[in-house]
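Working from the sequences, and respecting the hints, build out all of it.
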Amino acid sequence: MSVLAYSELLKRITGIHDEELEEPFKILGRHNTTETRLTAIKALAREGPISLGMLLHSSNLPRGGGSYLNIRKYFLELEKEGLLERNELGNKTEWSFSEKGELLKRFILS
Numbered sequence: 064m065s066v067l068a069y070s071e072l073l074k075r076i077t078g079i080h081d082e083e084l085e086e087p088f089k090i091l092g093r094h095n096t097t098e099t100r101l102t103a104i105k106a107l108a109r110e111g112p113i114s115l116g117m118l119l120h121s122s123n124l125p126r127g128g129g130s131y132l133n134i135r136k137y138f139l140e141l142e143k144e145g146l147l148e149r150n151e152l153g154n155k156t157e158w159s160f161s162e163k164g165e166l167l168k169r170f171i172l173s
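Converting from the sequence shown to our numbering requires adding 63 to each position, the first position being numbered 1.
Since the hints were made in silico from the structure, they are not lab data. None of the values given here were measured: they were computed from a predicted structure. A few of these clues could be false.
[To be verified] Below, a list of computed lysine-lysine pairs in the DSS-like style, where the Cα atoms sit at most 25 Å apart:
| hint | residue 1 | residue 2 |
| --- | --- | --- |
| 1 | Lys163 | Lys136 |
| 2 | Lys105 | Lys74 |
| 3 | Lys163 | Lys74 |
| 4 | Lys136 | Lys89 |
| 5 | Lys143 | Lys163 |
| 6 | Lys143 | Lys105 |
| 7 | Lys143 | Lys155 |
| 8 | Lys163 | Lys105 |
| 9 | Lys105 | Lys155 |
| 10 | Lys105 | Lys136 |
| 11 | Lys74 | Lys89 |
| 12 | Lys143 | Lys89 |
| 13 | Lys89 | Lys105 |
| 14 | Lys155 | Lys136 |
| 15 | Lys163 | Lys89 |
[As the list claims (entries may be wrong)] Per label pair, the in silico range of CB-to-CB distance:
| hint | residue 1 | residue 2 | range |
| --- | --- | --- | --- |
| 16 | Lys89 | Pro125 | 24 to 30 Å |
| 17 | His120 | Arg169 | 21 to 27 Å |
| 18 | Ser130 | Gly92 | 19 to 25 Å |
For every residue, glycine included, the Cβ atom is placed at its ideal position computed from N, Cα and C.
This is the structure we're talking about:
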C-alpha cells in the first residue's frame with residue numbers, strides 16, 4: 064500500500080490542485096486571518112450570499128464589541144483582492160465568494 068502525498072490527496076478529494084490554492088492562501092495570509100475571521104469565511108462558504116449580521120448570528124459570533132466592524136473591514140479587504148464580492152440590496156449588503164474565490168470556497172466546503 065502506498066502513502067499519498069498531501070497534494071495528491073487534496074486533488075483526489077476536492078478536485079483542486081494545491082497550486083490553485085496558492086494565491087487565495089497568500090491573500091488570506093496578507094490580511095491577518097484570525098480564528099474569528101476564519102470562522103466568518105467558513106460561514107460565508109456554507110451560507111452565502113448572506114448579510115454580515117445574519118452571518119455573525121448564524122456563526123454564533125458576537126455582533127458587538129467591534130466584531131461586526133472587524134469582519135466588515137476584513138471582507139472589504141478580501142473584496143479588493145478579488146476573493147469576495149458584495150451586492151447592495153437597498154440598505155442591506157450581501158456578501159459572497161467571487162469567481163476568483165470559488166476554488167477557496169470549494170476547498171472550505173470539502
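Status of the hints after comparison with the structure:
{"no.": "1", "hint": "Lys163 with Lys136", "verdict": "holds (19 Å)"}
{"no.": "2", "hint": "Lys105 with Lys74", "verdict": "holds (20 Å)"}
{"no.": "3", "hint": "Lys163 with Lys74", "verdict": "holds (18 Å)"}
{"no.": "4", "hint": "Lys136 with Lys89", "verdict": "holds (18 Å)"}
{"no.": "5", "hint": "Lys143 with Lys163", "verdict": "holds (12 Å)"}
{"no.": "6", "hint": "Lys143 with Lys105", "verdict": "holds (19 Å)"}
{"no.": "7", "hint": "Lys143 with Lys155", "verdict": "holds (19 Å)"}
{"no.": "8", "hint": "Lys163 with Lys105", "verdict": "holds (16 Å)"}
{"no.": "9", "hint": "Lys105 with Lys155", "verdict": "holds (21 Å)"}
{"no.": "10", "hint": "Lys105 with Lys136", "verdict": "holds (17 Å)"}
{"no.": "11", "hint": "Lys74 with Lys89", "verdict": "holds (19 Å)"}
{"no.": "12", "hint": "Lys143 with Lys89", "verdict": "holds (14 Å)"}
{"no.": "13", "hint": "Lys89 with Lys105", "verdict": "holds (17 Å)"}
{"no.": "14", "hint": "Lys155 with Lys136", "verdict": "holds (16 Å)"}
{"no.": "15", "hint": "Lys163 with Lys89", "verdict": "holds (13 Å)"}
{"no.": "16", "hint": "Lys89 with Pro125: 24 to 30 Å", "verdict": "holds (29 Å)"}
{"no.": "17", "hint": "His120 with Arg169: 21 to 27 Å", "verdict": "holds (25 Å)"}
{"no.": "18", "hint": "Ser130 with Gly92: 19 to 25 Å", "verdict": "holds (21 Å)"}
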